[in-house]
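Protein chains: 2
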Amino acid sequence: MRQVAILGIGQTVIDEHWDKSLRDLTVEAALAALQDAGRETAGGVFVGNMMSGIINDQNNLGPLVADWTGLRGGDAVKIDAACGSGAAALRSGLMAVASGELDSALVIGVEKMTDRPMREVTAALATAADADYEVEMGVSFVGLNALIMRRYMYEYGWQHEDFAPFAINAHANALHNPYARLHQKITVEDFEKSVMVATPINLLDASPIGDGAAALYLVPADSLRGGTRILVAASAAATDTIGGHDRPDMLFLTAAYKSCREAYRQAGVGPEDIDVFELHDAFTIMSALSLEACGFAERGRGVRLGLDGEIGPTGRIPITTRGGLKARGHPVGATGVYQVVEVVQQLRGECGPTQVPDARVGMAQNIGGSGATIITHILKRE
Amino acid sequence: MRQVAILGIGQTVIDEHWDKSLRDLTVEAALAALQDAGRETAGGVFVGNMMSGIINDQNNLGPLVADWTGLRGGDAVKIDAACGSGAAALRSGLMAVASGELDSALVIGVEKMTDRPMREVTAALATAADADYEVEMGVSFVGLNALIMRRYMYEYGWQHEDFAPFAINAHANALHNPYARLHQKITVEDFEKSVMVATPINLLDASPIGDGAAALYLVPADSLRGGTRILVAASAAATDTIGGHDRPDMLFLTAAYKSCREAYRQAGVGPEDIDVFELHDAFTIMSALSLEACGFAERGRGVRLGLDGEIGPTGRIPITTRGGLKARGHPVGATGVYQVVEVVQQLRGECGPTQVPDARVGMAQNIGGSGATIITHILKRE
Numbered sequence: 158m159r160q161v162a163i164l165g166i167g168q169t170v171i172d173e174h175w176d177k178s179l180r181d182l183t184v185e186a187a188l189a190a191l192q193d194a195g196r197e198t199a200g201g202v203f204v205g206n207m208m209s210g211i212i213n214d215q216n217n218l219g220p221l222v223a224d225w226t227g228l229r230g231g232d233a234v235k236i237d238a239a240c241g242s243g244a245a246a247l248r249s250g251l252m253a254v255a256s257g258e259l260d261s262a263l264v265i266g267v268e269k270m271t272d273r274p275m276r277e278v279t280a281a282l283a284t285a286a287d288a289d290y291e292v293e294m295g296v297s298f299v300g301l302n303a304l305i306m307r308r309y310m311y312e313y314g315w316q317h318e319d320f321a322p323f324a325i326n327a328h329a330n331a332l333h334n335p336y337a338r339l340h341q342k343i344t345v346e347d348f349e350k351s352v353m354v355a356t357p358i359n360l361l362d363a364s365p366i367g368d369g370a371a372a373l374y375l376v377p378a379d380s381l382r383g384g385t386r387i388l389v390a391a392s393a394a395a396t397d398t399i400g401g402h403d404r405p406d407m408l409f410l411t412a413a414y415k416s417c418r419e420a421y422r423q424a425g426v427g428p429e430d431i432d433v434f435e436l437h438d439a440f441t442i443m444s445a446l447s448l449e450a451c452g453f454a455e456r457g458r459g460v461r462l463g464l465d466g467e468i469g470p471t472g473r474i475p476i477t478t479r480g481g482l483k484a485r486g487h488p489v490g491a492t493g494v495y496q497v498v499e500v501v502q503q504l505r506g507e508c509g510p511t512q513v514p515d516a517r518v519g520m521a522q523n524i525g526g527s528g529a530t531i532i533t534h535i536l537k538r539e
Numbered sequence: 158m159r160q161v162a163i164l165g166i167g168q169t170v171i172d173e174h175w176d177k178s179l180r181d182l183t184v185e186a187a188l189a190a191l192q193d194a195g196r197e198t199a200g201g202v203f204v205g206n207m208m209s210g211i212i213n214d215q216n217n218l219g220p221l222v223a224d225w226t227g228l229r230g231g232d233a234v235k236i237d238a239a240c241g242s243g244a245a246a247l248r249s250g251l252m253a254v255a256s257g258e259l260d261s262a263l264v265i266g267v268e269k270m271t272d273r274p275m276r277e278v279t280a281a282l283a284t285a286a287d288a289d290y291e292v293e294m295g296v297s298f299v300g301l302n303a304l305i306m307r308r309y310m311y312e313y314g315w316q317h318e319d320f321a322p323f324a325i326n327a328h329a330n331a332l333h334n335p336y337a338r339l340h341q342k343i344t345v346e347d348f349e350k351s352v353m354v355a356t357p358i359n360l361l362d363a364s365p366i367g368d369g370a371a372a373l374y375l376v377p378a379d380s381l382r383g384g385t386r387i388l389v390a391a392s393a394a395a396t397d398t399i400g401g402h403d404r405p406d407m408l409f410l411t412a413a414y415k416s417c418r419e420a421y422r423q424a425g426v427g428p429e430d431i432d433v434f435e436l437h438d439a440f441t442i443m444s445a446l447s448l449e450a451c452g453f454a455e456r457g458r459g460v461r462l463g464l465d466g467e468i469g470p471t472g473r474i475p476i477t478t479r480g481g482l483k484a485r486g487h488p489v490g491a492t493g494v495y496q497v498v499e500v501v502q503q504l505r506g507e508c509g510p511t512q513v514p515d516a517r518v519g520m521a522q523n524i525g526g527s528g529a530t531i532i533t534h535i536l537k538r539e
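Chains as they are written, first to last, in my numbering: chain R, 158 to 539; chain F, 158 to 539.
Take these hints with a grain of salt, some might be off.
No copy labels: a pair is met if it fits in one copy or bridges any two.
Stated by the list, open to error - Straight line, CA to CA, 20 Å or less: simulated EDC-like cross-link-like pairs of lysine to aspartate or glutamate: (1) 537 x 293; (2) 350 x 258; (3) 177 x 272; (4) 537 x 289; (5) 415 x 467; (6) 415 x 258; (7) 350 x 176; (8) 537 x 193; (9) 177 x 214; (10) 415 x 277; (11) 350 x 419; (12) 177 x 289; (13) 342 x 258.
In short, the hints are calculated from the structure, not lab data.
Being a predicted model, the structure only gives us computed values, none of them experimental.
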């Protein structure tokens with residue numbers, strides 16, 4: 158297996174892009190990544206997307222994206238792992254380049270969610286859960302996460318406001334990210350007064366959907382001579398039961414633990430070496446659980462990191478430094494690629510007021526379903 | 158890159174399985190492949206599927222399948238390339254094993270299509286085409302193929318009945334395949350009298366949809382000692398424009414030509430070395446176009462092979478030897494895996510009355526969209 162480097166990144170602003178189609182967004186992000194990489198072609202195209210078939214009446218995104226980005230002809234597929242699709246697409250592209258099958262790959266995550274009524278989007282999001290044993294019972298995807306959060310609060314004695322720092326940090330960081338959907342500073346009071354969605358999850362616990370696309374250009378590391386290189390030091394995927402009810406303990410992200418442990422092994426690092434961690438804060442509860450599964454906090458103590466001010470850009474473990482899912486936005490199939498784009502920005506030192514000083518090792522973790530698919534990547538600057 | 162062998166195969170009968178869910182079908186095929194391989198675990202799960210999100214309200218098939226087949230924990234994703242999803246999943250699993258990333262992989266194609274009204278299935282099938290520039294104009298997926306067939310007949314002077322041998326051969330072969338959906342011998346008269354679907358495509362030009370799952374178990378070839386081995390000698394994917402209208406010539410499957418040529422190169426063979434060819438006969442016209450693009454006939458002369466009796470099990474180029482999409486059935490995301498399962502059966506000599514004598518080199522070609530994604534695999538027995 159060859160070492161792989163990320164040579165180019167691209168992204169669109171996340172918003173309700175009523176004037177741009179799925180293909181427009183894809184082309185915008187892809188061309189930005191190609192330009193950033195200084196390349197005009199790619200050996201293959203790997204598209205991360207969850208719901209284009211449901212919401213946009215469009216499958217077969219591989220050739221569509223290859224066609225419209227001028228990369229027509231070669232390998233091109235779509236990879237779906239629900240909200241984890243972006244990282245799954247990266248992992249597919251990575252294997253293709255690492256194996257020697259391709260000499261370059263363009264990885265694109267895209268989701269166009271705001272053209273349909275919210276009830277349709279809610280139904281589409283629920284396809285990430287178990288249709289026969291969860292959704293059939295009437296639970297939505299937010300509802301599932303609410304059950305987990307409620308149980309966590311009960312088991313460990315936290316109050317709702319203890320989760321506020323995750324949302325406040327994300328919003329504060331997004332103020333400095335021109336690609337973020339929300340540019341709105343929030344306070345603990347805002348957080349507590351926000352409208353309820355599915356108790357105990359209120360609007361400021363939850364990440365907003367959005368339309369957006371992000372892209373990465375991959376090449377073999379040994380094809381780059383001189384200068385700074387951003388290397389993919391680890392890529393690891395793990396899965397858990399699709400239904401939360403089948404897990405012995407819904408408060409521990411087993412797949413996060415497994416994929417993270419494997420990623421640490423591959424990269425030869427531990428939690429103490431991670432300078433920046435773009436985690437999957439679809440809901441504030443997920444920030445706590447991810448931090449715990451990845452070794453940054455004891456079980457039931459993830460919220461403590463927020464309360465102690467350890468998650469900001471200069472804290473012990475900076476998270477959601479560009480706004481995270483919470484404020485940058487969560488175009489579901491694109492999110493995993495946005496996360497890696499943001500880690501690259503940190504390692505390149507391009508993050509302005511939310512730059513983590515001298516960031517050299519960054520981690521991104523993308524989650525599909527309520528913990529069913531979890532994929533961890535570690536990047537290193539050298 | 159390591160050479161990869163197919164150690165196990167599994168499949169379900171294709172039918173309207175109103176008593177079996179998507180997960181039931183998947184488990185049945187997966188367990189059959191595991192049993193055939195003599196294995197109980199797999200390093201990763203690669204699921205080919207097109208429309209579960211639309212028709213079954215279920216995405217995130219990777220962990221779902223891994224969970225329910227007892228392969229919980231590792232890599233698991235869904236790959237979509239419309240009707241070419243099955244071969245795309247095989248190609249993903251192949252890269253994972255060939256690269257050394259995984260030491261085994263279970264590839265599963267599954268589609269559960271018959272639980273919804275036909276108008277919904279028709280709409281779902283149309284997501285393989287260009288939503289904005291084709292489907293928006295009112296054309297269905299059958300309609301697109303009808304335009305191609307009409308033009309082919311006009312350009313090359315063929316009559317509708319000249320396509321009959323493709324359907325007759327497929328139906329004759331399916332009589333001996335217990336997994337096939339249709340067991341019904343047909344004649345030229347039946348073919349000509351069949352009800353019109355989208356002129357000139359009538360019911361017997363078109364493949365039936367269905368519910369089904371098929372599976373392959375992959376291992377590194379060098380892990381097998383002694384005995385007969387079925388090797389994956391080539392895997393190649395190519396894409397064309399998503400919209401047929403953007404092609405200079407809709408009567409030539411450029412992506413079939415490209416992927417086939419690359420597959421021949423990898424395997425060190427030519428058309429004359431192929432003992433059996435499982436092609437993508439979603440409509441009779443596609444059989445002609447595939448035979449032409451892959452070097453078995455001159456342009457415009459593909460139908461000649463049928464008329465001359467060259468496509469039967471003892472003909473010059475045996476195709477659809479287990480019934481093809483036409484009579485075995487076309488559960489879209491599963492089809493590409495069924496094709497490879499059938500090539501393995503031929504190379505193992507398990508095909509009874511439709512066995513190709515001493516088949517040693519077999520090819521499978523899977524098409525997504527009206528020629529947008531085309532993936533070719535060549536297997537060898539040694």
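Structure-based check of all given hints:
1. For the homomeric pair residue 537 and residue 293, neither the shortest alpha-carbon distance inside one copy (43 Å) nor that between copies (45 Å) is at most 20 Å.
2. Proximity of residue 350 to residue 258 under the C-alpha cut-off of 20 Å is found in neither arrangement, the shortest distances being 53 Å within a copy and 48 Å between copies.
3. For the identical chains of this complex, residue 177 and residue 272 are intra-copy neighbours only, at 10 Å inside a copy versus 34 Å across copies, given an alpha-carbon limit of 20 Å.
4. Taking CA atoms no more than 20 Å apart as the test, residue 537 paired with residue 289 passes in neither setting, with 41 Å inside one copy and 41 Å between copies.
5. Taking identical chains as interchangeable, the C-alpha atoms of residue 415 and residue 467 are never at most 20 Å apart, the minima being 24 Å within one chain and 54 Å between chains.
6. When the C-alpha separation of residue 415 and residue 258 is checked against a cutoff of 20 Å, the pair qualifies only between copies, where the shortest distance is 16 Å, while the shortest distance within a copy is 27 Å.
7. In this assembly of identical chains, the alpha carbons of residue 350 and residue 176 never lie at most 20 Å apart, being 33 Å within a copy and 49 Å across copies at closest.
8. Taking CA atoms no more than 20 Å apart as the test, residue 537 paired with residue 193 passes inside one copy only; the shortest distance there is 18 Å, against 43 Å between copies.
9. In this assembly of identical chains, residue 177 and residue 214 lie within 20 Å of each other by CA distance solely inside one copy; the values are 16 Å within and 26 Å between copies.
10. Neither within a single protomer nor between protomers do residue 415 and residue 277 lie at most 20 Å apart by alpha-carbon distance, with minima of 33 Å and 39 Å respectively.
11. Taking the shortest alpha-carbon separations for residue 350 and residue 419, neither the intra-copy value of 40 Å nor the inter-copy value of 61 Å comes in at or below 20 Å.
12. In the homo-oligomer, the alpha carbons of residue 177 and residue 289 lie at most 20 Å apart only across protomers (12 Å), although the nearest pairing inside one protomer, at 35 Å, exceeds that limit.
13. Proximity of residue 342 to residue 258 under the C-alpha cut-off of 20 Å is found in neither arrangement, the shortest distances being 46 Å within a copy and 44 Å between copies.
When the structure is compared with the earlier hints, violations turn up for hints 1, 2, 4, 5, 7, 10, 11 and 13 and for no others.
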